[in-house]
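Visitor: So the chains spell out like this:
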Amino acid sequence: MVKYVLKRLASSVVTLAIVITIVFVLLRQMPVEGYFDNFEKLSEAQINAKLANLGLTQPIHVQLRNFFVNLFHGDLGTSSRYSAGTSIASIIAQKAPLSIWMGLMSMAISLVMGIPLGAAMARSKSGFWDKFGTVFIVFINAVPAAVYYIFIQMYGTGWMGISMLFDRGNWVTWILPVFSMSLGSTASYAMWIRRYMLDEMNKDYVRLARAKGVSSRRIMMGHVFRNAFVPMIQYIPASILYTVSGSIYIESLYSVPGMGGLLVDVIGRQDNPMVQALVMLYSAIGIVGLLLGDLLMGVIDPRISFVKKEGAR
Amino acid sequence: MNGLFEHKKRRLEEGVTAAVRGDLPPVDEDGLFVEAGYDAAAAEKTGYSNYSYWRSTVGAFFHNRVAVAMLIVLALLMGFTIIQPFLPGQYEANTINNNPVTGIQLQNQSPSLTTVYAAAPQGIVLIGRRVNDDWYAVSNVLASIRARETITVVEYGEDWCKIEYGGLEGYVKNNFQTKLKLPDDPTATPYESRSSFPLSIYQEPVDYTNNGEALYVRAGSVRELEDGAVITTGETELRTIPSDKAFVFGTNNIGQDLWARVWSGTRTSLMIGFVVAFFEALIGIMVGIVWGYVRALDRFITEVYNVLDNIPNTIILILISYIMRPGIRTLIFAMSLTRWLGMARFIRNQIVIIRDRDYNLASRCLGTGTGRIMVRNLLPYLISVIMLRMALAIPGAIGSEVFITYIGLGLSVDTPSLGNLINEGRKLITSASLRYQLIFPAIVLSVITISFYIIGNAFADAADPKNHL
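Here the protein sequences come in this chain order: A and B. For what it's worth, the working numbering labels the leading residue of the first sequence as 1, then goes sequentially. For what it's worth, the working numbering labels the leading residue of the second sequence as 1, then goes sequentially.
What the hints contain is simulated information worked out from the structure, not anything from laboratory work. Note that the Cβ used here is the ideal one computed from N, Cα and C, for glycine as well.
Stretch-level coverage of chain A by chain B, calculated; a stretch enters the list once three of its residues show a Cβ under 8 Å from a Cβ in chain B:
1) 4–14
2) 134–146
3) 149–156
4) 264–274
The whole structure should be built from the sequences, with the hints applied where relevant.
Guide: Written out as structure tokens, the structure is:
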């Protein structure tokens, strides 16, 4: 177990380092305008002075080394255009809490809506809930999120008689963004719970329990559901971590001052250091989320063995 | 089913009753068994199955009525998308349409199937002037009155009031806006009144204008009278613009025809979808087969896969689009860069499962080359899955295109795509009357993505031999 964890950890760190290096090198291929507020007005000497000041005239491997050294000290660099001169870490620290709150709320909603929906679908195979849930899942999976987000905003705000924009102090304006955000995961929770439950329902132990005379409700809740939920646990740490990145669509649609809208903002303003820092942060979240999910699975599900089976392949 | 049981039950009952009574029919011992003889054709039949994988797959697919309906819708839609530019009376997607008379852009024209606004009977006199060889601009407004001017109402009516003003005699609209007052004594006409809004004086109690704007008639359907008047020579169509070609989906805020843009955008988006699906299949299959079949490379490719799979796809998409010049090629490149991973892993797993089956061993023993085994023995097994993934790649690619355009890294508006049409429409959602500019592209996009999704899934179900009868 310990050996597996260490190996998994090491490979995550290596992956992260590779990703950061790739992102870093790629972003150095960008035009240098992204580092200036008033590029057109500057003379060549001024530009060179600024670039030298930022350390961009050094060879790329030196820049990369400096970047990693700074990263170890928790320094992500400073913004160049979005909020010139401010440290990126402080911008993130200021923006992230709101995104995390919204993300956690929407995650709670999608668990509360998605899991009962999936369970109802599994129980009423080709009944009303199954049909309703299938239509919902197909719609949410097939139609790009941007489209139904925009329609929810357009008609939802009109129907509720509120402003289209988010206001942190007014709780009513939280409803639509959080609800919209939860739809995607609701559909996927419902889909997976249904699939896992149907798989479980065909197993022998369920038949045995039924033969013993255990009530249908107890079989569903006590056996099928509990076993079906185990594979879902894998995704929970990643979902929690992803709340940090916020929803790009939702935050820019409702002007939520969080992390998701930030990425769109900094891309629009070509703030290279910020794009770099955010992209790296998002990759790190993804990688760590997967790692935690795998580890959690191993802890919870005793069937998963970390010892490599010899001769299996 | 129930009837069958009833029937059997009855026969059993009758038999038992007969046996108990003892009046069983005499048994013909010789007639009980007859030698069947040997029939070569019948023997052949038992060993023959007319099962065909593809026929069963297609058959199972056509049992799914929703999927078949979606297939028809999609086929019609795609067919129309292709022939649309060759149909008569189409606008160009990027042409900015101006009113040829006023030279003003035809901005935000509401969707309409026809340019005909109203019809006028024969012999109607209108105020009109020739605008070019083919068209006259006409209206029946004599003059307009500024707000709060005193007018003389000659005859009061619910909808139209006959009035006199500055020597002109005509009709004005009486509605919730103009709100002309009833006289205190209904018989006391004429009386003086005023409106708090500007008024137009019409020749007749009919409105032959497009909300105050001039309407257009064909030069052939009117005859010119003196001092700027024309008379209709027959039943005449009054049109909102001097053209027969309607803006079916309306126009956008610079006067481009939304109908043409939506179909042009559908072509772009579908093209991106198909090309991405093709590259996904191509790269995914090549890597997957090598990965699964060549044991020496398995470890290496698995490690590379683990690294690549750990990078969030969105990030790669954003990063590539940010670094490269925006355009169709960039989008296709960025999407193809990530999508093949899933395909490769799937193919690899399938290959691992089937590569050591007996027929492959036999092939190898007969000295068939690795390449030939891959293409002839392994690939046919994977076709259905490959087609499923390609079908799902298309809605995926369209969704990614919408996303990239949304964050400002997509195609420019000169290249209409469903993504940038939706993004343009999104900016107008605060104004209810302009929402059609979002709704039309959104509907087309949803129909396409939902159809591909349902067809892909139905096909995957149909292709699964477990579902074959």
